[in-house]
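Residue strings, one per chain:
2 protein chains.
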Amino acid sequence: MFKRVTIIGLGLIGGSLAIAIKKKKLAGEVVGVSRRKTTISRARTLGIVDSATLDLKKGVKDSDLIILTAPVLKIIDIAKKILPCLRKDAILTDAGSTKEVIVKRIEGFLPAGVSFLGSHPLAGSERSGLDHIDKDLFKGAHCILTRTGKTNKAALSKLKRFWGKLGMKVEVMSLKKHDKALSALSHLPHAASVALSNTCAKKDLRLAAGGFRDTTRIASGKPEVWRDIFITNRKNIAKDIVALKKELTKIEKALKRNNSAELLRLLKKAKNIRDGI
Amino acid sequence: MFKRVTIIGLGLIGGSLAIAIKKKKLAGEVVGVSRRKTTISRARTLGIVDSATLDLKKGVKDSDLIILTAPVLKIIDIAKKILPCLRKDAILTDAGSTKEVIVKRIEGFLPAGVSFLGSHPLAGSERSGLDHIDKDLFKGAHCILTRTGKTNKAALSKLKRFWGKLGMKVEVMSLKKHDKALSALSHLPHAASVALSNTCAKKDLRLAAGGFRDTTRIASGKPEVWRDIFITNRKNIAKDIVALKKELTKIEKALKRNNSAELLRLLKKAKNIRDGI
Numbered sequence: 004m005f006k007r008v009t010i011i012g013l014g015l016i017g018g019s020l021a022i023a024i025k026k027k028k029l030a031g032e033v034v035g036v037s038r039r040k041t042t043i044s045r046a047r048t049l050g051i052v053d054s055a056t057l058d059l060k061k062g063v064k065d066s067d068l069i070i071l072t073a074p075v076l077k078i079i080d081i082a083k084k085i086l087p088c089l090r091k092d093a094i095l096t097d098a099g100s101t102k103e104v105i106v107k108r109i110e111g112f113l114p115a116g117v118s119f120l121g122s123h124p125l126a127g128s129e130r131s132g133l134d135h136i137d138k139d140l141f142k143g144a145h146c147i148l149t150r151t152g153k154t155n156k157a158a159l160s161k162l163k164r165f166w167g168k169l170g171m172k173v174e175v176m177s178l179k180k181h182d183k184a185l186s187a188l189s190h191l192p193h194a195a196s197v198a199l200s201n202t203c204a205k206k207d208l209r210l211a212a213g214g215f216r217d218t219t220r221i222a223s224g225k226p227e228v229w230r231d232i233f234i235t236n237r238k239n240i241a242k243d244i245v246a247l248k249k250e251l252t253k254i255e256k257a258l259k260r261n262n263s264a265e266l267l268r269l270l271k272k273a274k275n276i277r278d279g280i
Numbered sequence: 004m005f006k007r008v009t010i011i012g013l014g015l016i017g018g019s020l021a022i023a024i025k026k027k028k029l030a031g032e033v034v035g036v037s038r039r040k041t042t043i044s045r046a047r048t049l050g051i052v053d054s055a056t057l058d059l060k061k062g063v064k065d066s067d068l069i070i071l072t073a074p075v076l077k078i079i080d081i082a083k084k085i086l087p088c089l090r091k092d093a094i095l096t097d098a099g100s101t102k103e104v105i106v107k108r109i110e111g112f113l114p115a116g117v118s119f120l121g122s123h124p125l126a127g128s129e130r131s132g133l134d135h136i137d138k139d140l141f142k143g144a145h146c147i148l149t150r151t152g153k154t155n156k157a158a159l160s161k162l163k164r165f166w167g168k169l170g171m172k173v174e175v176m177s178l179k180k181h182d183k184a185l186s187a188l189s190h191l192p193h194a195a196s197v198a199l200s201n202t203c204a205k206k207d208l209r210l211a212a213g214g215f216r217d218t219t220r221i222a223s224g225k226p227e228v229w230r231d232i233f234i235t236n237r238k239n240i241a242k243d244i245v246a247l248k249k250e251l252t253k254i255e256k257a258l259k260r261n262n263s264a265e266l267l268r269l270l271k272k273a274k275n276i277r278d279g280i
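Chains A and W supply the protein sequences, listed in that same order.
At position 11 of the first sequence (counting the first as 1) the number is 14 in my numbering, and the numbers step up by one without a gap.
At position 106 of the second sequence (counting the first as 1) the number is 109 in my numbering, and the numbers step up by one without a gap.
Be careful, since some hints might not be right.
Claimed, not checked - Ranges of calculated distance between the beta carbons of each label pair, as one might list FRET restraints:
(1) A/Lys-27 x W/Asp-278: 32 to 38 Å
(2) A/Arg-260 x W/His-135: 31 to 37 Å
(3) A/Val-245 x W/Pro-114: 51 to 57 Å
(4) W/Lys-179 x A/Arg-38: 38 to 44 Å
(5) W/Gly-132 x A/Asp-53: 48 to 54 Å
(6) A/Asn-262 x W/Gly-132: 41 to 47 Å
(7) W/Ser-263 x A/Pro-87: 37 to 43 Å
(8) W/Glu-227 x A/Thr-252: 48 to 54 Å
(9) A/Asp-137 x W/Gly-132: 29 to 35 Å
(10) A/Lys-28 x W/Gly-170: 35 to 41 Å
(11) A/Asp-58 x W/Ile-280: 38 to 44 Å
(12) W/Met-4 x A/Val-245: 50 to 56 Å
(13) W/Gly-143 x A/Gly-111: 29 to 35 Å
(14) W/Asp-58 x A/Lys-242: 53 to 59 Å
Simulated from the structure, these hints should not be mistaken for lab results.
Glycine included, each C-beta is placed from N, C-alpha and C at the ideal position.
Required output: the full structure, derived from the provided sequences and hints.
Right under this line is the structure:
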């Protein structure tokens with residue numbers, strides 16, 4: 004499908020992408036770029052890339068697909084650096100969790116010929132790094148591609164096929180719709196998980212059982228990654244936090260009023276929604 | 004250890020207890036009581052009890068240990084019914100998730116000779132029923148026993164050994180301390196999970212990935228069970244919800260002020276707490 008694919012960032016997403024691409028034979032050659040020497044040598048040892056380099060410009064040279072995996076704000080910085088070095092017909096994409104800021108900024112400095120498309124494969128884990136990569140990380144998960152007025156249609160349809168071949172359910176949506184949906188379904192749960200952990204800072208944590216463990220699991224995610232997500236989707240997330248607090252207040256009021264029927268209603272409603280997934 | 008143990012309620016906890024007791028040979032005979040005919044015959048088919056009955060009074064006759072597994076308020080109702088039928092030296096305990104209301108009420112109508120002790124094995128799942136029972140459900144988990152001014156010391160030490168032999172880490176604490184600790188670490192996460200599900204009622208739930216699934220998993224728990232927990236620990240939970248809303252407000256304010264450093268601080272603090280478990 005591609006002659007040469009370069010993956011920038013060899014963490015959980017980048018590393019899993021590298022092995023998935025090789026396994027599905029979607030590229031003649033897979034090049035990995037990392038800013039850490041240890042990651043480069045580990046990627047070589049694991050054999051997940053055909054070559055690996057610390058040098059961004061060398062890494063992207065002659066590639067027809069370049070995938071940026073990094074915290075959201077880093078994606079923008081790296082794009083700025085590599086854009087002048089890309090082949091004229093190259094497709095550049097990313098795997099960032101917010102899209103409006105990334106796509107608008109990168110479209111702003113895109114040279115003629117090069118296509119940029121925002122991708123968001125909804126796969127991941129609270130774990131990070133090459134030690135946790137998984138060739139099936141993307142299988143069966145959703146991947147959202149964003150479309151703007153500047154989107155190259157041929158590049159869009161090629162990327163749709165690319166993510167589809169990795170086993171993903173691909174959907175195309177606008178930047179705003181993506182960021183709004185992900186705020187509620189991914190960024191808000193993260194904020195709730197963080198707030199819950201912080202609420203229990205001084206509690207008897209040895210007694211934390213399955214419920215606490217599950218609801219706070221994602222709070223173990225990388226702080227720098229999530230700071231960038233929060234900052235670049237801050238208006239939607241702030242709005243969703245207000246909505247969550249309202250739902251919490253409903254429970255709080257029912258508790259204070261000893262309103263058993265209202266508690267049962269809220270519990271049943273939530274079970275119904277959760278069981279429906 | 005016991006001649007005859009009766010387990011009232013053959014759901015996930017009751018059924019798992021039955022097979023764990025048989026496996027560890029802690030009783031000469033295990034009797035199961037359920038109010039459903041289908042459960043009785045299923046328990047017999049699975050061979051998890053030596054005998055099973057729909058009749059509470061028949062079920063508890065001559066037993067030296069009776070364990071009540073049911074939603075919290077049902078535990079109190081059932082205790083009231085069976086207490087007059089218990090052997091004079093019997094030990095009665097429960098597996099309810101709140102303790103102050105249960106223990107104070109049951110101690111209020113305890114006949115001479117019978118000991119009642121509140122137990123809370125911190126094991127469970129969002130799943131329920133005999134289809135999900137697990138002989139290792141209790142292994143390695145905490146079990147809290149509560150002590151009051153009326154606690155029979157011999158019964159307390161016997162129950163400590165009993166739960167210990169099921170592989171549990173046993174701790175003894177006051178009713179108030181138990182309900183306060185569990186509010187923060189179990190009941191608050193449940194409330195958060197319910198509120199989060201309800202906040203996302205009208206969202207694109209097909210896009211819900213691992214983070215949403217994990218943070219809302221426990222919202223699938225039985226509404227009736229959780230209504231009773233909420234009602235019988237309502238003051239602590241309401242207070243903890245207020246604390247959680249304050250933590251959410253910290254994130255909300257940092258988002259509104261575009262305060263990257265404060266977001267990173269909150270994310271790092273939460274990660275540190277969560278990784279420490």
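Verdict for A/Lys-28, W/Gly-170 (Cβ pair) under range 35 to 41 Å: Violated: the Cβ-Cβ distance is about 49 Å, outside 35 to 41 Å.
Beta-carbon spacing of A/Asn-262 to W/Gly-132 - inside the hinted bounds 41 to 47 Å or not: About 28 Å separates the Cβ atoms of A/Asn-262 and W/Gly-132, which means 41 to 47 Å is violated.
Range hint compliance [Cβ, W/Gly-143 to A/Gly-111, 29 to 35 Å]: 55 Å, violated
Pairwise beta carbon distance, W/Met-4 to A/Val-245, judged against the given window 50 to 56 Å: 54 Å, holds
Supplied distance hint 38 to 44 Å, evaluated on CB atoms of W/Lys-179 and A/Arg-38: With Cβ atoms ~53 Å apart, the hint is violated.
Cβ separation of A/Asp-137 and W/Gly-132, checked against the hinted range 29 to 35 Å: 32 Å, holds
Cβ distance range 53 to 59 Å for W/Asp-58 and A/Lys-242, holds or violated: 56 Å, holds
Status of the given 31 to 37 Å range, CB of W/His-135 versus CB of A/Arg-260: 34 Å, holds
Cβ distance range 37 to 43 Å for W/Ser-263 and A/Pro-87, holds or violated: About 28 Å separates the Cβ atoms of W/Ser-263 and A/Pro-87, which means 37 to 43 Å is violated.
Supplied distance hint 51 to 57 Å, evaluated on CB atoms of A/Val-245 and W/Pro-114: Given a distance of about 54 Å, which is inside 51 to 57 Å, the answer is holds.
W/Gly-132 versus A/Asp-53 beta-carbon gap, inside 48 to 54 Å or not: Hint holds: Cβ distance 52 Å, inside 48 to 54 Å.
Whether the CB-CB distance between W/Glu-227 and A/Thr-252 falls inside 48 to 54 Å: 23 Å, violated
The structure shown violates the earlier hints numbered 4, 6, 7, 8, 10, 13.
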